[in-house]
Structures are given as structure tokens and as C-alpha cells.
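Using the hints, put the two standalone chains together into the complex.
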Amino acid sequence: MRFIISLFIIMSLNIYAEDDLLDSFEDEFSAATEKKSDPLSGYNKMMTKYNDIFYTKVFFPISDKYAEIVAEPIRLSIANFFDNLKFPIRFINNTAQLKFKNSLEESERFIINSTIGLAGLFDIAKYKFNIKKHNEDFGQTLGYYGVGSGFHIVLPFLGPSNLRDSLSILVDSQADVIYYLDYQEAMGSKTLYYTNEASFKSKEYKSLKQDAIELYPYLKDIYEQHRESEIKR
Amino acid sequence: MKLLLIIFIFTLSLFANTADSLKELVQIKSDKVLTILKDNNLTKEVKYNQINEEVNNLFDYDIMAMLSLGKKGRKLLDNKQKKLFVKLFTEHIKKSYFEKSDLLTDKKIIVKETKKQKSRIFIISEIVGKKDSSEMIYKFHKNKQGKWLIYDVEISGVSIITSYRKQFQEILKDNDVEKLLDVVK
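Chains as they are written, first to last, in numbering that gives the first Met the number 0: chain A, 0 to 232; chain B, 0 to 184.
Chain B with its partners taken away, still in its complex shape (with noise of 0.2 Å):
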């Protein structure tokens, strides 16, 4: 029984040391995309290469683009449908994370705190502009591998992977697979 105690104390703490890392880690690529934005000696497309180095192996896209078909719209690829679907969502991610990056060249980003939902760590950051703030939350789960990524990004209130969860159900209502596959394209 206490062995058992022991060893759950110490999940709970290896937890929050975690969440603690992340945190620290969000706040230095932060950092770094917006020194990279700031930079006007570079063009768009080394910002853009750049920014992908920083911050492409804290995103798990396949998650990313599994989520955003939901569980009926995943039944309804095979195998390689579904490859080259996540192929594709990943581009257009990336593209539009570097877009609304772009956005924040004037803008601070300060990471605040750590919340911890079930088996989820949420770090939540603010977004500090000359006129307005606004929230950012960054959604991080346990891979199968064990590594701590992002599977979803929340920007004042708006999760990225809901917005696309509902569009892509709209196009599978009425319309078939290879639609879908040319519209993320």
C-alpha cells in the first residue's frame, strides 16, 4: 500500500516537473519565432524554413490531422487516403501557423502557467499587443513514443482543430473523399 502511494506521488510530481519543462520550452521557441519574425534581413520563405526547424517537432501532426476528421470522417478513408490526407494537412498547418505567426511581429508572447487535464498539459500564453492581449493555449499529450506534442493550439477561445473538425464535416456531408483531399491541397 505505501510502496503503491510512493510510486503514485512520484507520477504526480514527475507530472508537474513535466508540465514545468514544457512550459519553459514553449516560452524559448516562442522566443525565437519572434526573433526570426523580427529579422528583416531574411526573406519569407528562410522565416518560413526557419520557424518550421524551431518548432515542427513539438507539433504531432498525424494526431493533429486525425483529429480534424473525427471519428466519422476517419471511417470513411482507407490507409492511404488517410496518408495522404495527413501529408496534406501538415502543409497547410504549417502554411497557416506561419501566416498567423506573421501576425505577431509586433506583439510579445509571455507564458503564463500550466493547467493539467487528465493525461492532457495545457500551457497557456498571452499574446501582448500595443492595443489588445489575447489568450494562447497550447495542448500537449503523450505520444505513443512517450514525448510530450502539441495536438491542438487555442487562440482566444478558438481551438484550431474544432474550426477544421466542423469544416471538414460539412464537406463530407455532402461530398466524397477525393473532394476533401482537393480542398486541403
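The shape of chain A in the complex, shown without the other chains (with noise of 0.2 Å):
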């Protein structure tokens, strides 16, 4: 009874002072930013100096000419083609954390696409039958499993990254069809994924600088907040 009746009192209360208001938001914003320790900050903030030199000044202006000349839609089913190939990564992960229903869905989307989406290359399993894809890495099954991110690192070309997530890179790619091919292969099938993912992130990417302050803390906070948030979903 006094739970309910305080529970109504707390719904219908109303009247906050400025500095009450504010106060009731602190549980949801204290936490998340929280300070981590960031032995590698010297380093990271060069490698994120050198990633944008090279991302505006090398990369975008390659995959915006890329995407000039490759259309769309063949783009797209270049990205669903390498999406495809990295089936027994997400299989694997979704299942280690014990989400059967999506493992399962991951099998059904594999079966359809490549065979009626013709190798991967139309994801006729998402329009036609609407399975969707369940993203799940390594790093992700770590977090699952409690594991913390460790320290933040930026790697080389490939940006925001912590301890975690980069060693699960290495366990990842022992499930991705790539790692398989001869070295020529796999920088070519490298380079053309990269080249087209970037062909469709050119823009958020100078977008998301416009917010930026200082770039480095800015990137590296979105990162960890949204590897967070596919930890917890």
C-alpha cells in the first residue's frame, strides 16, 4: 500500500525546482561519463591525426570516385555478397551467447541468400521474407560474458578500437572465408570491401566531425558508447 501510494506521489509530482530537475537525469548520464583510464591517450591522439589525413585525403576521395562510377545497386550487392561470406562469424557468436533464434535466422539467411540471392549477392532473406541480419562479433560475446573493453586503442586505418575488440579482430577473422585466400586474393577482396563500405559512409563521416571538438575524445566516446549499447541489446 505505501508503495503505490508513494509510487503515485512520484508520477504525479509535478512541481520540480531547476536544480531537482536536473538532478533526477544524473543516474543516466553520471554513469556513462565516467572516466576510464587511457594509458595509450598520446598515441591514440596521433593515430587518429594520421586516420583522418588519410580518410579525407586518401580514402573518401577514392570511394566517392568509386561510387561515381560503380552504381548503386551493384554496390550494394557487393556489400551484401562479403556479408554473406561473414555468416560463420555472426553463427558462431550469436550461438556462444546463446541466442538460438538468432542463430537459426543467421542459417535460414545464409540458405536463402546464397542460393536464390545468387551467392549473397541480393538479400532476398531480409525483402522477401523479412529475417534479419544479427550482428555479432567476438568482442561482443566477450562483453557478454562480462568482459570488460580494456583500455581504448586506435588502430592503424581501421580507427576506434580497446583491448577487447582488437584481439577479437584476430579471433574473428579465423571464421571469415578471407583469411583462407592467398595473400593477393585477400588484399584485393580487402581492398574492394573497404572501398565499397566507405563508398556509403563518406558523408556520415564528415558529418560526424562537424561535432566534434577535439576529434580524438570525440571518436573514441561514440565508439565505446555503441559498442556498449550492441553489448546490451
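These are calculated hints, taken from the structure and not from any lab test.
Below, a list of computed lysine-lysine pairs in the DSS-like style, where the Cα atoms sit at most 27 Å apart:
hint, chain 1, residue 1, chain 2, residue 2
1, A, K202, B, K28
2, A, K208, B, K172
3, B, K130, A, K189
4, A, K100, B, K129
5, B, K79, B, K94
6, B, K184, B, K93
7, A, K127, B, K129
8, A, K205, B, K94
9, B, K143, B, K114
The structure displayed is predicted, hence computed values, not measured ones.
This is the structure we're talking about:
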């Protein structure tokens, strides 16, 4: 009874003092803004700067040119093809996190898209059967079992990451078909994959940068927030 | 006792109705914003003004500005500085929202569901692109006048207020308030 009355009073209470109103948000934001140790901050700042120069002066101009030459439907099919090849990574990590329904749907997607979808070029599973992709990687699996992110690391070319996710890239690569190609084929495939991906993200990066007061802490924060939300999902 | 229970249930149903109304409102406003963005006859400036007209009264800019400062940050500013900060931050966030909206021209927004968390209502929508989809959450709170307004927007798990808050914390750690005001300009 007391609980109901208290709850009712809290829900109905409309008159907050300004400070009380603002304080009522503290729980939501204070945990997210807690400071974490950043032992590689010097290196990270430098690498963010180099990566940014590489993205804005080399990588995105190339991918923008690529987007002018290669029509969007073809770029989408290339993205679908590579995405289909990453099925084992998603299947293993969904299963490892006991998300069996997702694993089943991933298997269905792989079978449908590899056959009717012409070797994964078309995402028939999504558009005809409404079976959506469930992105999971080894970093998320570790996070699911409570492994912390560790300190932040900015990887050359690849950008923001952390200790847990960097090591996970190596583990996931064992389940990536491209890993088993010979060196030249793998390099060619990776170049096509990243250029194609970048052709969809050039505008987003420019827009993201506009909100940054300082690029390194900003990119670090949005990366960590994004990964946390992926793990909690 | 019975009366209290009835009032309690009535309040809960009001909460549910509010959530549904906000969901509908977000869908209507999203569709209007997309229509403006896709209109090739409008200049960028006209689009900016029209979008502002559509969405301005949905956002609680005062609260957003104060939340982005954080509790410690708020204590460092006197009332005059706070007023100036709110004004500058509001302009900054309006421009930022417009720039982000510009990325939506070839996308669809589907408002999916509502989530109630304490005295807040979250409207969860999906931005559907040709390649990928991402989640966008509009977070509403009830202001002192009893109006439900947005205090934060989360895109793909990234809270706009948390991002600003961290950046402003960093600035105030090594600089004075004037530097902060200068940066937000």
C-alpha cells in the first residue's frame, strides 16, 4: 500500500525545482561519463590524426570516385556478397551468446541468400522473408560474458577500438573466408570490401566530425558508447 | 484504498496514452522532416527554417544545454553565463540536427515502439537505409509546465547529450568557462 502511494506521488508530482529536475537525470548520465584510464592517449591522439588525414585526403576521395563509377545497386550487391561471407562469424557468436533463435535465422539467411540470392549478391532473406541480420562478433561475445573493454586503442586505418575488440578481430578472422585466401587475393578482396563500405559512409564521417570539438576524445566516446549498446542489445 | 488504486490505474493509463500520442507525433514530424528534405525546389536555408519550425517545440533546449554541462559544470557558470550558454548551445544543436537530417534524404523513418522508464518515455524508431538500418531513440521528459519534451536523442546507441557532456568536461578540466562559450559559438 505504502509503495503504491509513494509511486503515485512520484508519478503525479509535477512541480520540481530546476536543480531537482536536473539532478533527476544524473543517474542516467553520470555513469556514462565516468572517466576511464587511457594509457595510450598520446599514441591514440597521433593515430587519430593520421587516420583522419588518410580518410579525408586519400580513402574517402577514392571511395567517392568509386561511387561515381560503380552504380549504387552494384555497390549494394557487393556489400551483400561480403556480408553473406561473414555468416560464420555471426553464427558462432550468436550461438556462443546462447542466442539460438538468432543463430537459426542467420542459418536461414545464409541458405536463402546463397541460393535464391545468387551467392549472396541479393538480400532476399531480408526483403522477401523479413529475416533480419543479427550482427555479433567475438568482442560482443566477451562483453556478453562480462569481459570489460580494456583501454582504448586506435588502430591504423581501422580507427577506434579497445583491447578486447582488437584481440577479437584476430579471433573472428579465423571464421572469415577471406583469411583463407592467398595473400594477393586477400588483399584485393579487403581493398574492394573497405572501398565499397566507405562509399556509403563518406558523408556520415564528415557529418560526425562537425560535432567534434576535439576529434580523438569524441570518436573514442562514440565508439565506446556504440559498442556498449551493441553488447547490451 | 480503492480510490487510491483507481487513481493509480488511471495515472498509468494516462501514461500509456501519452506514450502512444508521442509515438504518433514523432512519426508525423519525421515524415514532415523527410518531405522537406526531399523537396529539391527548396534552398538549404529554407529547409533549415522549415525543419526548425516543425521540430523546435519538441525539444527542451534549456534542459539539454544544462544536462550537457553536467552537475559539476553547471556549478562553474553564473546565471548570466548559463543564459548565454543555453542560447549558444541551442543554435549549435539546431545546426547539428539539420546537418544530421541531411543524411536522411534517401532513408525512411519507422517509429516502432515506446518504452517507459521511470518518469521518462522513450520513442524508439528505425532509420531504414538501402544498405543498413539503425536505431534512433527520442527521449522525452515532462517539463515543469507538464509538457512532454525531448531531452536527449540516441542514434545507434550513442547519446548526443553524453557525447557533449564528455567533451565539455574535458574543456572545463583545463580551461575556464570563457573557453567553453567560445567553443560552442
